[in-house]
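*Asks:* So you can see what is in the structure, the chains are spelled out below.
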Amino acid sequence: MTARRKATYAVVLVALAAFGIWAANRVSGLSEDTQATNPLFRWEYLFTRERTPGELWGKTRQHLELTVVPVLIGIVLSSLLSALILRFGWLRSVVFTFAGVLYTIPSIALFAVLVTYYSNETAAITALTSYTLLILTRNFVAGIDAVPRAALDAADGLGMSRFQRLRKVEIPLALPVILTGIRIATVTVVGLVGISAVIQLGGLAIYIFDGFNRDYTTLMVLGTVATILLAVVLDIVLRGIEWLATPWARRRVAP
Amino acid sequence: MSLAALLATTEPTNVWQWLNDSSERTVTGDIPTQAWTTLWHSVLAFVIAAAAAIPLAAVLAHFRKAEVLSTWLVNIGRVIPTVTIVAVFVIISLRNGYGFEPWPIVFALVLLALPPLYSNTYTAVRDASPEAVGAARAMGLTELQILRRVELPLATPLILAASRVAITQVVATEALAALFGGTGLGQYITFGIANRDIYEVQAGAVLVAGLAMSVDLVFWFVTRFLVPKPLRPAPANRRPIHRLRPVQPINRNTPSLGGTP
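Those protein sequence lines, which keep their order, are chains A and B. For the first sequence, counting from 1, position 204 maps to 204 in my numbering; every step adds exactly one. For the second sequence, counting from 1, position 80 maps to 335 in my numbering; every step adds exactly one.
Mixed in with the good hints, there may be bad ones.
To be verified - Far from chain A, some chain B residues (derived; all Cβ distances over 10 Å): (1) D285; (2) L294; (3) P385; (4) R404; (5) P485.
Unchecked claim - Okay, the calculated bits of chain A under chain B, using three or more residues with CB under 8 Å as the criterion: (6) 59-71; (7) 100-107; (8) 110-116; (9) 178-189; (10) 192-201; (11) 219-232.
Derived from the structure by calculation, the hints contain no laboratory data. Since the model is a prediction, treat every value here as computed from it, not as a measurement. Glycine residues also receive a C-beta, built at the ideal position from the N, C-alpha and C atoms.
Modelling step: build the complete structure from the supplied sequences, incorporating the hints.
*Replies:* Okay, here's the thing in structure tokens:
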């Protein structure tokens, strides 16, 4: 894609966003007086209220914790599951069906039912971990499946053991797909953490609920923007890791 | 009889008793009504989203226009929290006096179902076997005929898989709408949490998950009949030598079809 095309899309996106904000302002259906007292966004909340920065930092930390811990647990569990799948082929459909069923359970239901048995944090982390399993396992297995036959044969020809082959050939070659899986899982979990507000957690998304309940849109905008920023930042960080970890994939020939 | 003893005899002691005792559900209404509300909201939203996204994506993919849009849509759909979309629509509707239901919720659900439907249809039609498309063109089919008779049939498996993901996600989010004053099965969860009634919460969770899973199962069953015969997995003993190749999601950026539970 050329830079010019990118610029066009960026302009279109900005225009759409601007139209969205303008339309929301128009559509919010308030008279001029009410608009003055209850506008869409009130900057004072961010700049003159002393408690906001500390509060925002606390919520961000909670959100990060609820994202990173499930993804890390998910990585460990998915590695084990992928290893089992690669060793025992018949487990493949069993594991994927199981993970698929877990992914089908609505998050609000899973949070609600787990919280009746465990503490809030445990329930949230368990539920979020269960959603990372499908994405991670599928990517891990797909990455290792896609390793070219020739590379495997060469490794066997060099006299590598099964474990050496996995460590020195298969995992490095599958790394881009594996890291993409981790990135997608992380971004998905950032969005899902918001739903844990049903069990009094919720990280930054608490602002969205709070703003909704008080008809105070500033808080909703704050919660949304902060959540999106967190997701985008994590996405960029993980893309950076991907770039650093796979130096051979950088010089890609244009198709 | 003391109050404690009375409570002990009338209060349900597990989720199955709660489900069987209709007197417990006076606040939130009976189960079939709530399930029906959830179901028709979801189905309506899904139909609107599919009617908008699938034809558009198919035509754009056939002419190879706006290729970046599909990855962008998936990424945007993943990044924007579901909670926000529902909340924003409900707020707009309330301020204009349209109430909590059903339009704000249905529109929010439509918006949520669009990215997986659009991007997977796009990928599927774009990656339809170029040999088959070339053959059709050589036979003199017009572009729209190629789209309708060659590309769309080859793309069906992936489109149906994406639809299944989308409708499951829509049912799950309909339950979420109860947090913003909507009705539906999610109300048992929110009311249960507000009243600290464990069994109501558990019952709500079981019902929501059950509905989502049954919709998923029904869709899986329908998928088996809607996929064109040559693309269905044939029994192992009479597998033909030449088979048409259905489109698989090969794009590394969208391996999970999009969608959040």
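*Asks:* It remains to establish, for every hint, whether it holds in the given structure.
*Replies:* Checked hints:
1. D285: Correct as stated: the minimum Cβ-Cβ distance to chain A is 19 Å, above 10 Å.
2. L294: Its Cβ never comes within 10 Å of chain A, the nearest being 14 Å, so this holds.
3. P385: Label holds. Min Cβ-Cβ 14 Å, cutoff 10 Å.
4. R404: Fine: 28 Å to the nearest Cβ keeps R404/B off the interface.
5. P485: Per Cβ check, P485/B is outside 10 Å of chain A; nearest 23 Å; holds.
6. 59-71: violated (count 0)
7. 100-107: holds (count 6)
8. 110-116: Holds: 5 residues of the stretch 110-116 of chain A have a Cβ under 8 Å from chain B.
9. 178-189: Holds: 5 residues of the stretch 178-189 of chain A have a Cβ under 8 Å from chain B.
10. 192-201: With 6 residues in contact (Cβ-Cβ under 8 Å with chain B), the coverage given for the stretch 192-201 of chain A holds.
11. 219-232: holds (count 7)
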